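Chains as they are written, first to last, in the numbering used here: chain X, 1 to 261; chain V, 1 to 210.
If you're looking for bench data, these hints aren't it; they were derived computationally from the structure. The structure presented is a predicted model; accordingly, all values stated were derived computationally and were not measured. Glycine included, each C-beta is placed from N, C-alpha and C at the ideal position. Hints are supplied without guarantee of correctness; some may be wrong.
Said to hold, decoys possible - Listed next, the stretches of chain X that the computed footprint assigns to chain V, with coverage defined by at least 3 CB atoms under 8 Å from CB atoms of chain V:
#1 13-20
#2 61-72
#3 91-98
Stated by the list, open to error - A few chain V positions that, by computed beta-carbon distances, are all more than 10 Å from chain X:
#4 24
#5 63
#6 80
#7 98
#8 101
#9 122
#10 134
#11 143
#12 146
#13 159
#14 166
#15 202
#16 204
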Amino acid sequence: MLIAGRYAWTAITLIFSILMLTFLYLSSKRIYVPQIREHPGVRAIVEAIGRAVEMGRPISYSPGIASIYSTKYAADTAAGLTILNYTARETAKTGAKLIVGIAPPTVLPIAEDIVRTAYLMEGRPEDYIEEETVQFYSPNQWGFATSYVGMMHREHVAANFLFGEHAAEAMVIAESGATVGAMQVAGSTNVYQLPFFLVACDYTLIGEDEFAAAAYLSPDPVQKGIIFGQDLTKIICAIMIVIGALLTTAGIDLLSRILSM
Amino acid sequence: MAGIWRTAASAVLFVVALTMLVDFAWEDPALQGVATDLNNWAVVIGAFALGLGAYSLIVRHGRIISKKQTMWPYSIVLLLTMFAFIVTGLITGSVTSSEYGWIYSTIIQPLSSTLYGMNAFFIASASYRAFKARSWEALVLLVAAIFIMLKNAPIGYAINPILPAIGGKIWDVAGSTGMRAILIGIGIGTLALGLRVIIGQEKTPLGGAD
């Protein structure tokens, strides 16, 4: 039987999931393929890679410090890895040098596989160097931060990408990136670190933009269907908030009681 | 061959994700047992991955030392420190031993605290750049930041009690509203990404490239 207090959670998760999957299905059958505006932060990833190629300097990438099975931040790491896939393919195409810094050991074999395969698919497997292209630093937050900052300074990186979960080390890394003159694109769902990225980086993907970026970057138009579904669920949430605020102001707690069931 | 493995991994991921989701909402002791086992497996696999990380470090820094690349003596220090930790852990048989604790509290903790403290200087330099009022957005940021600073610093109240009150309103109303809006978006975004991974539309987190 359903656990008491999770009825509303179950219903909302099911409704939102069905809504998103419906639009994914509609776009896969070409019944309705939504037009999605280009995101400046996502476009900046391509610009930063191009800039690094022109300057002849490397690109650094961090998929965050959270493990792939972290209860709270696994989605961030997954998003960081999907954007890494795109970044690795673009760098392989353009011949730029990519250095991926890794903190959680569980992410290491996945990141290695992603980058190695991307280089292979772009016909440049010789550019992928084992233990050099993807570098493991430390599972310790500050151990990782110092290693990553050291690498940025030694290599004089021209572009720095920070995705996935970053905590207090976000400011140290992003500001060091600005010091070496790197064009920086970051993304975070950690609302306490977002202001740091906003002031230190050139472009920041705020919250869900990081998750949507992978679908934006996908050449498959089907992927965009789920973004449309995602936006619709956001509109539903906004309407519910307005109705809830009005009802609560009028002294009616019906909606809040339903949602806490 | 790789395609078959990825399909198999997708199928396993689908079943595991569904199990964990249902376990969150459905009360069933058998299902709860399976979910606990799956969580424990993740921890064990994570421990194995640490070995891969150590191997990667040894190979890379061994290469730096053998080729005498830039700053190679630091690589010796890194490897010696790592082996010192491993040997101490093996000899004492526990990471909670006093010897292990001594290394942690006298080396790692002070170094981590120092780096954390350095954040203040990084924030100062980043703020200096960000608070140049070159656009309307930057001007709003600058004005809001000044009021928030006056709210937190004692001098704000000393100048005029209204100043920290304005800062408080910005923090409680504008700040909280914006933060909650972002959090709702993150929740929906997580659900969307999770769905794409579960149904196999997004296979990158399983390794390889799409």
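We went through each hint and held it up to the structure:
Using a Cβ-Cβ cut-off of 8 Å, 4 residues of the stretch 13-20 of chain X lie near chain V, which meets the minimum of three, so the contact claim holds. Restraint check on the stretch 61-72 of chain X versus chain V: 3 residues with Cβ-Cβ distances below 8 Å, three needed, restraint holds. Only residues whose C-beta sits within less than 8 Å of a C-beta in chain V count toward coverage, and the stretch 91-98 of chain X has 0 of them, not enough to reach three; the restraint is violated. Listed as a non-interface residue, residue 24 of chain V fails to keep its Cβ farther than 10 Å from every Cβ of chain X; the least gap is roughly 7 Å.
At roughly 7 Å, the least C-beta separation between residue 63 of chain V and chain X is not larger than 10 Å, which violates its mark as non-interface. No Cβ of chain X approaches the Cβ of residue 80 of chain V within 10 Å, the least distance being about 15 Å, so the stated non-interface status holds. Non-interface status of residue 98 of chain V relative to chain X is upheld: no Cβ of that chain comes within 10 Å, the nearest being about 21 Å off. Annotated as non-interface, residue 101 of chain V keeps its C-beta farther than 10 Å from every C-beta of chain X; the closest such distance is 16 Å.
With 10 Å as the threshold on Cβ separation, the claim that residue 122 of chain V sits away from chain X is violated: the shortest Cβ distance comes to roughly 4 Å. At the 10 Å boundary, the C-beta of residue 134 of chain V stays outside the reach of chain X, the nearest C-beta of that chain being 13 Å off. Look at residue 143 of chain V: its CB is around 15 Å from the nearest CB on chain X, clear of 10 Å, so calling it non-interface holds up. Listed as outside the interface, residue 146 of chain V is consistent with that label: its C-beta sits roughly 15 Å from the nearest C-beta of chain X, beyond the 10 Å cut-off.
Once the 10 Å rule is applied to beta carbons, residue 159 of chain V is consistent with being away from chain X; the minimum gap is 25 Å. Every beta carbon of chain X lies more than 10 Å from that of residue 166 of chain V, the smallest distance being close to 19 Å; the non-interface claim holds. With a least CB separation of 6 Å from chain X, residue 202 of chain V falls inside the 10 Å interface cut-off, contrary to its annotation. At roughly 4 Å from the closest C-beta of chain X, the C-beta of residue 204 of chain V falls inside 10 Å, breaking its exclusion from the interface.
Hints 3, 4, 5, 9, 15 and 16, counting from the list given before, are not met by this structure.
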